[in-house]
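J.: The lines below spell out each chain.
Number of protein chains: 6
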Amino acid sequence: MGSSVVVVNGRLCKNPNDVTINDFLYKRFNVPGDTNNAQGANATLVDINQFPGVNTQGVAMVWVDFAPYGLNTPHLHPRGSEIFAVVEGTMYAGFVTSSYKLYDTILKKGDVIVFPQSLIHFQLNLGKTDALAYASFGSQNPGRVNVADSVFATTPHILDNVLTKGFQVDEMVIEQLRSQFSAENISVNTGRSILKLLSQT
Amino acid sequence: MGSSVVVVNGRLCKNPNDVTINDFLYKRFNVPGDTNNAQGANATLVDINQFPGVNTQGVAMVWVDFAPYGLNTPHLHPRGSEIFAVVEGTMYAGFVTSSYKLYDTILKKGDVIVFPQSLIHFQLNLGKTDALAYASFGSQNPGRVNVADSVFATTPHILDNVLTKGFQVDEMVIEQLRSQFSAENISVNTGRSILKLLSQT
Amino acid sequence: MGSSVVVVNGRLCKNPNDVTINDFLYKRFNVPGDTNNAQGANATLVDINQFPGVNTQGVAMVWVDFAPYGLNTPHLHPRGSEIFAVVEGTMYAGFVTSSYKLYDTILKKGDVIVFPQSLIHFQLNLGKTDALAYASFGSQNPGRVNVADSVFATTPHILDNVLTKGFQVDEMVIEQLRSQFSAENISVNTGRSILKLLSQT
Amino acid sequence: MGSSVVVVNGRLCKNPNDVTINDFLYKRFNVPGDTNNAQGANATLVDINQFPGVNTQGVAMVWVDFAPYGLNTPHLHPRGSEIFAVVEGTMYAGFVTSSYKLYDTILKKGDVIVFPQSLIHFQLNLGKTDALAYASFGSQNPGRVNVADSVFATTPHILDNVLTKGFQVDEMVIEQLRSQFSAENISVNTGRSILKLLSQT
Amino acid sequence: MGSSVVVVNGRLCKNPNDVTINDFLYKRFNVPGDTNNAQGANATLVDINQFPGVNTQGVAMVWVDFAPYGLNTPHLHPRGSEIFAVVEGTMYAGFVTSSYKLYDTILKKGDVIVFPQSLIHFQLNLGKTDALAYASFGSQNPGRVNVADSVFATTPHILDNVLTKGFQVDEMVIEQLRSQFSAENISVNTGRSILKLLSQT
Amino acid sequence: MGSSVVVVNGRLCKNPNDVTINDFLYKRFNVPGDTNNAQGANATLVDINQFPGVNTQGVAMVWVDFAPYGLNTPHLHPRGSEIFAVVEGTMYAGFVTSSYKLYDTILKKGDVIVFPQSLIHFQLNLGKTDALAYASFGSQNPGRVNVADSVFATTPHILDNVLTKGFQVDEMVIEQLRSQFSAENISVNTGRSILKLLSQT
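Residue numbers (UniProt numbering), protein chains in the order written: chain A, 1 to 201; chain B, 1 to 201; chain C, 1 to 201; chain D, 1 to 201; chain E, 1 to 201; chain F, 1 to 201.
Incorrect hints may appear among the rest.
Since the list gives no way to pick out one identical chain from another, each pair is judged satisfied if it fits inside one copy or across any two copies.
[What the hints assert, rightly or not] Only pairs whose alpha carbons sit at most 20 angstroms apart, straight line, appear in this in silico SDA-like list of lysine to any residue:
#1 Lys101 with Leu25
#2 Lys27 with Asp104
#3 Lys109 with Val87
#4 Lys27 with Asp170
#5 Lys14 with Asn30
#6 Lys128 with Thr164
#7 Lys108 with Leu132
#8 Lys27 with Asn55
#9 Lys109 with Tyr26
#10 Lys27 with Ile48
#11 Lys109 with Arg79
#12 Lys14 with Val31
#13 Lys128 with Asn36
#14 Lys14 with Asn141
#15 Lys14 with Asn49
#16 Lys128 with Gly89
#17 Lys27 with Asn141
#18 Lys108 with Val87
#19 Lys101 with Glu175
#20 Lys128 with Gln176
#21 Lys27 with Thr155
#22 Lys27 with Pro52
#23 Lys101 with Val31
#24 Lys101 with Asn17
#25 Lys27 with Ser99
#26 Lys27 with Thr90
#27 Lys108 with Gly58
#28 Lys14 with Ile48
FYI, nobody ran anything at the bench for these hints, they're computed from the structure. Values in this document were obtained by computation on a predicted structure and should not be read as measured data.
So that you can see chain A by itself, here it is in the shape it has in the complex:
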């Protein structure tokens, strides 16, 4: 087939003869993420976008760095449940069911929590030192959707009427909320930083 290209799940597949051990390795799973942002946290997904070796394997990992009092902003993963293990620090964490019941708790080093697929969840570092967590997904492509960004930082903006009626506040409040989430701003860092890097290559 010479120059032909094989694609599985929309991703290129190497010719088996060209595969090396390097295709199964990812080498930077302890480089601290930049927490110098408004929320003071940085989640780095190692999924099919960073690590093509997980294609068809149905599993991915993430590590989350927290500055003191840093927040991994309320978000959800559209395509996978998560197990989250605290490696360093003490955190307030929780998730919200589709009946709007909040399950929240304080996690210490060695504690593990499950966040079911697509439910909104968060973690807040309660300590005055950095914290660290590892987490896993039962999907090679779990995705991440930050709630605040999805509503107030979209390109283009969602129509005012949708937000004023949806959140039952006037346009000034909506504008105030939007102003916090411009492209140069904040929570977008959490989970977006790698996408930025990728789009520059």
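Use these hints to put chains B, C, D, E and F onto chain A, whose structure you have.
T.: Same frame as chain A, now just chains B, C, D, E and F:
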């Protein structure tokens, strides 16, 4: 086995000998939902909770009633993609990708749109008369999570620090937002009304 | 990658940068199908063949137009269960289990019925006016197989011996049945019309 | 838990401590089926109904006995594709796509054919001696639906109007076809015999 | 699209217009495999590698030839459970659970056994004549991993320390074991022969 | 429903009203495993057996403790792929494909490797201090099968003929290998310790 009970997917399964055509029927798919609420819309899911006959079938429907200018508040379905067809009226609709790009449009009668699984989406009736839509899910249990309720109307409340840091506003704004979503209030009507009825039986 | 082409599920995938809202829209879900055929009904699937936007979404819709006393001929969907909602009219409908038990009923406006995957089912308009139904599938590619066409209208014909022995009638009856289902004829309209259009493009 | 009962996929699961090798064995896969029926063939499914050991394994087998010139009547399997291998004899076999194209061929000993999920297919023994085939399914519960039985041998009967309009013949022909498929009659043997036995236990 | 190439699951898909009945046929399912090897058995998988027609069908078959006292060496199938039916002969067969419990038995002609996905299993011909079995998988690509080959016949060798510590024996024993499984040698025949042929084409 | 019991995937499901945050928590993910065994390593799965909260979530974690030069013995996971991240130490690791090709490498702190489902793999601590790794599975019930235990430590023993022929050595070598893997012995510690504890409760 006499009185034994068979459960599939956590739901009771009738003895095949006791099954009748009624187990495959749902009879109220044209009863208008109550749109007399703050957002002016009402989505009525016909899924495994209302219609046990869809268990293991992997499909569900919903109809959405809109008062004039009514909003089906920004929400997502954790376990299924949606096809949404406008039966009456003209609507502004959209969804937000995990790159925070908004895809929005104006839908007229006969228009169909796809909302991918777990992405936040909405519809706003642009007309001064009632509107109606039918939609379908590739899951018998797609679920529904309203964004505003998930953040501001949980029981119990999410810790203030999570919301002030997550939305980058002060506690007064958070309190203002929360006050709109008390249990007696609003958008909870959208998708919650049936759950209330069920819990009373 | 320039001119490379990405395929998922055997279908072309657009470059994400080229995707627009139009890729998620289908615009003709209220154009009546042509019921001027022998059975007097026309089912129009909006699945991956007409609407590439449903690829990987696992959901599809169909609308069915019925002339007075029109029949949506006995058929099955090989790759998905169906929820069927009557929008206008009164119909006799049923499906047959793999134990050859018939579950049948009369459906009125607002009634919903489930047809399990791959079981033979039908609907007959009992009224002297047009009828209309919407239905949904838990698959982006449910397919449709008409029973009569599959047996008597194949290209080429199934060997006589299979049909005479299978239906326990002589060749004259088989020939009579076949003569009703030539390529210019009838029930093939139900579900075939769009395929014809597509193959001309 | 004493007397509690665990069910998976609607089937009883033994306590692991009570499991023996016998739970993984089926002992009669060479007992010829009774081909003394109108079609002269008998298919014996070894699936979850006869062999509980396949529960959750996603695989099943069948053997088909053919009398001379016997027919495995046109049928389909709603929940699994089939690989069919001729062990003894020569057969005419085929299946019909959802575009009503017939793919047919003559199979000899050692030939294997695939029948895709839910497409109508058949095999006819072309020889004057018995024939035998083994086949496999990628499902523990593939099911079997005979076309003629599903239309003409249901309990109760499908309404005449559906069949006269669906097959475009008058009621006399429908009645003639039905008369061949009474409960005491024929093709029902193919695939139904075991169900009868089971219901007597 | 002219010369474009469509790939599903990493395999080429023919243009539907070019598909013939031959694409659904495999013609050599009774050619005895070469059992002239150290173990005296030969398993011939008819899966997606030999028979592209099973792509997306989720099912495959295998036949296993046994010389007198021949062994189908301990192995596992990473991606599918197996049903195994004895066609000729008497065999000792078994599999080992993840609690290291052995379920073993003697199989006679007509006996069927299930081997769950990825558990190590084997069959040993107990007779002084050839034996034959057919088996099925609920996957089009079940794969096969021989235990001895996976440990002692890899290219390159696994580091000595892993094997001496893993099997708790000294290097001489490991070397003795490895010497039996050079590329020119034995059990590799079981399941590898076809791969060799394919790589030469 | 009073005392009724709901089971999903063969596991008890709590009544939603009785669910608390504790059902989503696992509290001992930093208790070092006992590496005082022949291989000098201990893998502790946190899957559905230890942590019922992962039922239906499709994800699990494991941590692996290594004594100096400790080995996580060659093993496989029948129902899930693995991502393995080194937290402390330097290791030699590898896996073997179904073509018996070894992919091996040296992993340092921060390195991540993928082990595909059901392929045999191992890690060996190359350092004179303890090492630690976290790993994740795309399954709530990945299982673990040690190769040496599965062949030489089964209850009861696999027939000698199978092992002498399968490994091409005489009975003395087999007996030597078996003697290392009695119930009081070694590699069984790796992954078996928790099962022992559970069976005592």
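J.: Determine for every hint whether it applies to the structure shown.
T.: Status of the hints after comparison with the structure:
1. Taking the shortest Cα distances, Lys101 and Leu25 sit within 20 angstroms of each other only across copies (17 angstroms), while inside one copy they are farther apart (40 angstroms).
2. Proximity of Lys27 to Asp104 under the C-alpha cut-off of 20 angstroms is restricted to the inter-copy arrangement: shortest distance 15 angstroms between copies versus 34 angstroms within a copy.
3. Both within a single protomer and between protomers do Lys109 and Val87 lie at most 20 angstroms apart by alpha-carbon distance, with minima of 5 angstroms and 14 angstroms respectively.
4. Taking the shortest Cα distances, Lys27 and Asp170 never come within 20 angstroms of each other, neither inside one copy (48 angstroms) nor across copies (34 angstroms).
5. Taking identical chains as interchangeable, the C-alpha atoms of Lys14 and Asn30 are never at most 20 angstroms apart, the minima being 27 angstroms within one chain and 35 angstroms between chains.
6. Taking CA atoms no more than 20 angstroms apart as the test, Lys128 paired with Thr164 passes between copies only; the shortest distance there is 18 angstroms, against 37 angstroms inside one copy.
7. Proximity of Lys108 to Leu132 under the C-alpha cut-off of 20 angstroms is found in both arrangements, the shortest distances being 11 angstroms within a copy and 19 angstroms between copies.
8. In this assembly of identical chains, the alpha carbons of Lys27 and Asn55 lie at most 20 angstroms apart only when taken from the same copy (17 angstroms versus 31 angstroms across copies).
9. In the homo-oligomer, the alpha carbons of Lys109 and Tyr26 lie at most 20 angstroms apart only across protomers (11 angstroms), although the nearest pairing inside one protomer, at 25 angstroms, exceeds that limit.
10. Taking the shortest alpha-carbon separations for Lys27 and Ile48, only the intra-copy value of 14 angstroms comes in at or below 20 angstroms, while the best inter-copy value is 30 angstroms.
11. Within a single copy, Lys109 and Arg79 get their C-alpha atoms no closer than 27 angstroms, and across copies no closer than 29 angstroms, so neither meets the 20 angstroms cut-off.
12. Proximity of Lys14 and Val31 under a CA criterion of 20 angstroms is satisfied in neither setting, with 27 angstroms inside one chain copy and 34 angstroms between copies.
13. Taking the shortest Cα distances, Lys128 and Asn36 sit within 20 angstroms of each other inside one copy (15 angstroms), while across copies they are farther apart (37 angstroms).
14. Proximity of Lys14 and Asn141 under a CA criterion of 20 angstroms is satisfied in both settings, with 19 angstroms inside one chain copy and 18 angstroms between copies.
15. Taking the closest pair of Cα atoms, Lys14 and Asn49 come within 20 angstroms of each other both inside a single copy (16 angstroms) and across two copies (17 angstroms).
16. Taking the shortest alpha-carbon separations for Lys128 and Gly89, only the intra-copy value of 9 angstroms comes in at or below 20 angstroms, while the best inter-copy value is 28 angstroms.
17. In this homomeric assembly, Lys27 and Asn141 come within 20 angstroms of each other (Cα to Cα) only inside a single copy, at 19 angstroms, whereas the closest approach across copies is 27 angstroms.
18. Taking the shortest Cα distances, Lys108 and Val87 sit within 20 angstroms of each other both inside one copy (8 angstroms) and across copies (18 angstroms).
19. For a Cα distance limit of 20 angstroms, the shortest separation of Lys101 from Glu175 across copies, 18 angstroms, qualifies, whereas the shortest one inside one copy, 29 angstroms, does not.
20. With identical chains, the CA atoms of Lys128 and Gln176 are never at most 20 angstroms apart, being 29 angstroms at best within one copy and 29 angstroms at best between copies.
21. Taking identical chains as interchangeable, the C-alpha atoms of Lys27 and Thr155 are never at most 20 angstroms apart, the minima being 33 angstroms within one chain and 25 angstroms between chains.
22. Within a single copy, Lys27 and Pro52 get their C-alpha atoms as close as 13 angstroms, which meets the 20 angstroms cut-off; across copies the closest is 32 angstroms, which misses it.
23. Taking the shortest alpha-carbon separations for Lys101 and Val31, neither the intra-copy value of 36 angstroms nor the inter-copy value of 29 angstroms comes in at or below 20 angstroms.
24. In this assembly of identical chains, the alpha carbons of Lys101 and Asn17 lie at most 20 angstroms apart only when taken from different copies (11 angstroms versus 52 angstroms within one copy).
25. Within a single copy, Lys27 and Ser99 get their C-alpha atoms no closer than 41 angstroms, and across copies no closer than 25 angstroms, so neither meets the 20 angstroms cut-off.
26. Only between protomers do Lys27 and Thr90 lie at most 20 angstroms apart by alpha-carbon distance; the minimum there is 13 angstroms, versus 27 angstroms within a single protomer.
27. Within a single copy, Lys108 and Gly58 get their C-alpha atoms no closer than 28 angstroms, and across copies no closer than 24 angstroms, so neither meets the 20 angstroms cut-off.
28. With identical chains, the CA atoms of Lys14 and Ile48 are at most 20 angstroms apart both within one copy (14 angstroms) and between copies (19 angstroms).
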